[in-house]
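K.L.:
Okay, here's what each chain looks like letter by letter:
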Amino acid sequence: MSIEEQYRTRAKELLSGGAVKMVIGYGKGSTSDRRRPLFISSTDEVDRLVLDDACIQNLSGYLVSEGLLSDEKRVAVFLRPEGIRAINILAAESQLDAEQIVIFGFDVIGTEVKALKGIHVEEFSDVINSIKKGAPEAKEEELFEKIEKMSPQERFSFWQEEFAKCIKCYACRQACPMCYCRRCIVDSNQPQWVNTSSHTLGNFEWNIVRAFHLSGRCVECGNCDRACPVNIPLRLINHRMAEEVLGAFDHFAGMSKTQEPVLASFKKDDSETFIL
Amino acid sequence: MAKIGVFICHCGENIGAKVDCTKLAAAMGEHPGVAVSVEYKYFCSDPGQESVKRAIRDNNLTGVVVAACSPRMHEATFRKACAEAGLNPYLCEIANIREQCSWVHTDSDQATEKAMDITRSMVEKVKRNNKLQPIEVPVTRRALVIGGGIAGIQAALDIANAGQEVVLVEREPTLGGHMAQLSETFPTLDCSQCIMTPRMVEAAQHPKIRLLTYAEIESVDGYIGNFSVRVRMKSRYVDIDKCTGCGDCITKCPAKKISSEFDCGLGKRTAIYTPFAQSVPNIPVIDKANCIYFKNGKCKICAKTCQCDAINFDMEDTFEDLEIGAIVVATGFQVQNNTMYGEYGYGKYPDVINGLQFERLASASGPTAGKILRPSDGVEPQTVVFIQCAGSRDPSKGVRYCSKICCMYTAKHAMLYSHKVHGGKTHIFYMDIRAAGKGYDEFSRRAIEDDEAAYLRGRVSKVWQENGKLMVRGVDTLLGRPVEIAADMVVLATAIIAQPDAKEFAKTIGIGYDEYGFYNEAHLKLRPVESSTAGVFLAGACQSPKDIPDSVAQASATASKVLALFSKDMLEREPVVATNNEATCAGCWGCVLACPYNAIEQKDILDRSGKVIKRVASVNPGLCQGCGTCVTFCRSNSLDLAGFTEKQIFAEVMGL
Numbered sequence: 098m099s100i101e102e103q104y105r106t107r108a109k110e111l112l113s114g115g116a117v118k119m120v121i122g123y124g125k126g127s128t129s130d131r132r133r134p135l136f137i138s139s140t141d142e143v144d145r146l147v148l149d150d151a152c153i154q155n156l157s158g159y160l161v162s163e164g165l166l167s168d169e170k171r172v173a174v175f176l177r178p179e180g181i182r183a184i185n186i187l188a189a190e191s192q193l194d195a196e197q198i199v200i201f202g203f204d205v206i207g208t209e210v211k212a213l214k215g216i217h218v219e220e221f222s223d224v225i226n227s228i229k230k231g232a233p234e235a236k237e238e239e240l241f242e243k244i245e246k247m248s249p250q251e252r253f254s255f256w257q258e259e260f261a262k263c264i265k266c267y268a269c270r271q272a273c274p275m276c277y278c279r280r281c282i283v284d285s286n287q288p289q290w291v292n293t294s295s296h297t298l299g300n301f302e303w304n305i306v307r308a309f310h311l312s313g314r315c316v317e318c319g320n321c322d323r324a325c326p327v328n329i330p331l332r333l334i335n336h337r338m339a340e341e342v343l344g345a346f347d348h349f350a351g352m353s354k355t356q357e358p359v360l361a362s363f364k365k366d367d368s369e370t371f372i373l
Numbered sequence: 028m029a030k031i032g033v034f035i036c037h038c039g040e041n042i043g044a045k046v047d048c049t050k051l052a053a054a055m056g057e058h059p060g061v062a063v064s065v066e067y068k069y070f071c072s073d074p075g076q077e078s079v080k081r082a083i084r085d086n087n088l089t090g091v092v093v094a095a096c097s098p099r100m101h102e103a104t105f106r107k108a109c110a111e112a113g114l115n116p117y118l119c120e121i122a123n124i125r126e127q128c129s130w131v132h133t134d135s136d137q138a139t140e141k142a143m144d145i146t147r148s149m150v151e152k153v154k155r156n157n158k159l160q161p162i163e164v165p166v167t168r169r170a171l172v173i174g175g176g177i178a179g180i181q182a183a184l185d186i187a188n189a190g191q192e193v194v195l196v197e198r199e200p201t202l203g204g205h206m207a208q209l210s211e212t213f214p215t216l217d218c219s220q221c222i223m224t225p226r227m228v229e230a231a232q233h234p235k236i237r238l239l240t241y242a243e244i245e246s247v248d249g250y251i252g253n254f255s256v257r258v259r260m261k262s263r264y265v266d267i268d269k270c271t272g273c274g275d276c277i278t279k280c281p282a283k284k285i286s287s288e289f290d291c292g293l294g295k296r297t298a299i300y301t302p303f304a305q306s307v308p309n310i311p312v313i314d315k316a317n318c319i320y321f322k323n324g325k326c327k328i329c330a331k332t333c334q335c336d337a338i339n340f341d342m343e344d345t346f347e348d349l350e351i352g353a354i355v356v357a358t359g360f361q362v363q364n365n366t367m368y369g370e371y372g373y374g375k376y377p378d379v380i381n382g383l384q385f386e387r388l389a390s391a392s393g394p395t396a397g398k399i400l401r402p403s404d405g406v407e408p409q410t411v412v413f414i415q416c417a418g419s420r421d422p423s424k425g426v427r428y429c430s431k432i433c434c435m436y437t438a439k440h441a442m443l444y445s446h447k448v449h450g451g452k453t454h455i456f457y458m459d460i461r462a463a464g465k466g467y468d469e470f471s472r473r474a475i476e477d478d479e480a481a482y483l484r485g486r487v488s489k490v491w492q493e494n495g496k497l498m499v500r501g502v503d504t505l506l507g508r509p510v511e512i513a514a515d516m517v518v519l520a521t522a523i524i525a526q527p528d529a530k531e532f533a534k535t536i537g538i539g540y541d542e543y544g545f546y547n548e549a550h551l552k553l554r555p556v557e558s559s560t561a562g563v564f565l566a567g568a569c570q571s572p573k574d575i576p577d578s579v580a581q582a583s584a585t586a587s588k589v590l591a592l593f594s595k596d597m598l599e600r601e602p603v604v605a606t607n608n609e610a611t612c613a614g615c616w617g618c619v620l621a622c623p624y625n626a627i628e629q630k631d632i633l634d635r636s637g638k639v640i641k642r643v644a645s646v647n648p649g650l651c652q653g654c655g656t657c658v659t660f661c662r663s664n665s666l667d668l669a670g671f672t673e674k675q676i677f678a679e680v681m682g683l
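Chains Y and P, in that order, give the protein sequences. Start counting the first sequence at 98; every next residue gets the next number (the numbering used here). Start counting the second sequence at 28; every next residue gets the next number (the numbering used here).
Please keep in mind that the hints were generated in silico from the structure rather than gathered at the bench. Even glycine gets a Cβ: it sits at the ideal position worked out from N, Cα and C. Just so you know, not all the hints are guaranteed correct.
To be verified - Here are a few chain P residues that sit away from chain Y, every Cβ distance over 10 Å (derived from the structure): (1) 107; (2) 255; (3) 614.
Stated by the list, open to error - Below, a list of computed lysine-lysine pairs in the DSS-like style, where the Cα atoms sit at most 30 Å apart: (4) Y:364 to P:141; (5) P:325 to P:465; (6) Y:364 to Y:229; (7) P:630 to Y:170.
Turn these sequences into a full structure, and let the hints steer you where they fit.
P.N.:
The structure is reproduced here in structure tokens:
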């Protein structure tokens with residue numbers, strides 16, 4: 098039985114027994130190579146679930162939709178390893194109760210879909226540990242290296258060009274499971290810290306604020322990068338920030354549901370004297 | 028409509044010589060919203076303050092900017108003046124055009140330009156200032172003094188003698204600290220124990236002082252006026268209520284060869300012991316690591332000897348929770364271990380000792396009953412070499428700073444030695460003789476002139492053993508030639524260092540420390556006994572190396588600070604505290620973790636039926652210290668700091 102069939106059967110069981118109130122998975126998209134999120138709450142719809150190598154979106158962000166989890170009922174969700182890490186962060190930041198989330202874990206290697214064993218997020222710690230140790234995919238690595246080799250001036254002008262394209266649509270924010278604030282700092286206009294108009298200064302401000310807000314939190318699922326209508330390679334920024342926090346603090350985002358946020362926590366044995 | 032008064036202070040020449048104050052006043056007068064813009068030589072002076080008050084009343088000012096020195100200097104002065112003129116004090120801001128402008132620039136035109144930017148920026152800020160009211164918090168009138176050395180005892184006695192309650196906590200089994208170990212004290216040569224032990228007894232018997240010895244601070248929570256302190260009472264294995272201090276157990280204890288910490292390794296003690304005969308309280312403790320019963324399960328001779336049934340081998344650590352209003356930290360110092368100087372042979376040759384060990388040799392209560400005898404063979408040394416700065420002022424192997432007391436105690440050692448060993452010779456290698464203090468220079472001159480201490484200006488390169496002598500090779504830089512001295516004993520004037528766990532402890536109580544582990548005062552000159560944490564004060568050598576007079580003076584100063592704090596029923600606190608916008612708070616609790624003062628709690632927002640609809644962060648204004656860490660962390664921009672609101676900061680930045 099294919100993994101798709103296995104997961105359909107499991108979804109049917111969970112829904113019919115009332116163990117979960119909803120399954121968030123993937124359905125057919127507008128073209129044959131695209132998948133779109135699917136929200137099903139009755140067993141009749143289960144056969145619309147699709148699971149193949151085109152299922153790339155991180156669906157964890159839908160879990161924090163207002164009111165979805167407030168009845169304390171469980172919700173099942175299809176997640177890749179990055180999505181599972183995102184659940185840990187959302188749980189660590191009190192945005193959801195990890196007990197309410199039933200995970201349909203999977204990973205795609207080449208074109209092959211592989212099931213990840215486990216139901217609740219803490220059962221996936223081995224999977225997460227192995228990604229922490231792993232390297233990024235080969236073709237991406239080239240791009241990362243190219244950027245790293247640039248001089249600071251070259252890199253600045255690279256980003257200046259990239260950010261010049263930004264139209265401040267905030268699609269990156271909407272797509273990101275970590276951007277759950279009800280009011281984003283860019284929507285706060287008393288005072289207006291971040292310029293709303295899409296000129297160089299405002300675009301830099303927004304993207305730098307975004308990078309900092311995601312440092313130690315981004316799981317590199319790529320939702321923002323894919324959502325960007327003008328193709329700014331946002332994943333490069335996220336990756337760099339992830340490397341920074343890993344190198345400086347040995348912090349790998351989403352290791353556990355009790356992980357402390359890297360920029361807000363401090364250790365009393367810190368070598369710096371300004372930590373009292 | 029804003030009516031801002033701008034008051035530009037020349038600070039004598041400090042600002043006036045560099046910044047064109049007339050031009051600055053004229054430029055600020057043109058700025059929108061500024062009703063008054065004037066300059067004056069010294070606004071902090073009485074006529075200066077009067078003119079500010081008059082300007083507020085005459086013009087109905089809505090805000091004041093004083094362009095002058097750092098706000099740390101005179102913000103309080105001008106805020107008070109504003110309050111006296113009927114303006115809310117938090118509508119007054121300081122534009123720092125001295126430290127941040129005139130003092131650091133050489134070009135007058137550019138400095139004037141910068142002063143305009145700084146002042147304009149503060150004018151823009153003050154337009155958005157809100158009237159704030161001080162926060163009132165109650166005060167628990169009970170002080171905690173940590174450390175039972177001379178500083179701690181002095182602070183405790185001063186506070187208690189003014190009628191306030193004190194809890195004095197000492198981690199050793201007895202009060203006394205380092206001063207109890209000393210022989211005679213400079214510059215008067217009065218016996219240290221003779222002046223120390225009566226104070227120890229006085230502290231122990233004082234009705235207002237609760238003495239907790241063999242106890243350590245486990246945790247400190249809360250804030251000025253309202254600390255919650257947990258003290259670990261280490262198990263003595265001797266019931267303090269039953270024990271009469273007869274000492275029979277000590278006499279009978281078969282484990283007699285334990286190196287005595289109090290005698291710096293020169294004497295021996297038993298496993299059940301009091302550090303010295305005059306210990307306060309005179310209640311022994313069992314040293315678990317060296318006790319035969321704890322090691323082998325057999326012995327209990329002390330328990331059999333005790334007629335009061337005071338020995339209890341099953342005793343466990345207990346905890347005391349204390350409500351405290353103010354804390355005096357008097358945790359003292361340690362001496363550096365000199366083994367890092369391999370060339371001096373400390374730790375290798377038994378007759379190379381440190382200054383504190385010499386104190387024990389010279390002390391009447393010491394292992395030699397006050398006779399100066401070599402540790403190796405008990406023979407009276409005929410030639411003694413003292414090496415000053417053995418660790419101090421040596422950035423490569425020791426510490427960079429001067430330990431302050433060594434010049435004086437080395438002179439004292441030479442004197443005591445010459446008084447006790449007639450005909451004995453002393454040689455003192457020194458870098459400089461630092462003898463600043465009342466009667467100090469006279470004292471060191473006395474050592475040279477009356478007691479014939481031979482001072483040699485120079486360093487020692489090597490000490491080695493030859494024919495039963497310690498050969499000391501050094502240099503006399505004044506004569507420009509090498510010297511070699513055959514000595515019987517070498518005394519190293521070891522550096523004073525912070526307690527080895529000083530940094531750890533600083534984190535427990537939440538105060539700052541320097542690179543060496545000495546505790547930081549709030550302001551070196553103007554607030555030398557206050558720590559950076561309100562309600563926590565510093566006394567004695569935990570702040571920096573100090574002699575006894577300085578430690579005692581500082582301890583009395585902390586007592587006066589504590590008493591001033593206790594003189595009020597309610598404390599007024601700066602209303603600079605964080606507030607949270609509960610509507611936009613996402614409840615991620617990053618601020619809860621980020622807050623170093625545990626001032627942020629989780630708060631449930633309930634609907635009418637009592638169901639939790641949202642959890643948000645809530646700042647306790649009593650605990651908040653206004654540091655702003657939470658504000659910078661908050662991603663949704665929900666937290667804001669009164670007095671430094673986002674609107675104010677933004678206006679300040681845009682005003683530049």
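K.L.:
Each hint should be assessed against the structure and marked as holding or not.
P.N.:
Status of the hints after comparison with the structure:
At the 10 Å boundary, the C-beta of residue 107 of chain P stays outside the reach of chain Y, the nearest C-beta of that chain being 29 Å off. At roughly 18 Å from the closest C-beta of chain Y, the C-beta of residue 255 of chain P stays outside 10 Å, upholding its exclusion from the interface. Once the 10 Å rule is applied to beta carbons, residue 614 of chain P is inconsistent with being away from chain Y; the minimum gap is 6 Å. About 39 Å separates the Cα atoms of residue 364 of chain Y and residue 141 of chain P, which puts this hinted pair outside 30 Å; it is violated.
Distance restraint check for residue 325 of chain P and residue 465 of chain P: the Cα-Cα separation of roughly 57 Å exceeds the 30 Å cut-off, and the hinted pair is therefore not satisfied. For the hint linking residue 364 of chain Y to residue 229 of chain Y, the alpha-carbon distance of about 22 Å falls within 30 Å, and the restraint holds. Distance restraint check for residue 630 of chain P and residue 170 of chain Y: the Cα-Cα separation of roughly 23 Å lies within the 30 Å cut-off, and the hinted pair is therefore satisfied.
In terms of the numbered hints stated before, the structure departs from hints 3, 4, 5, listed from lowest to highest.
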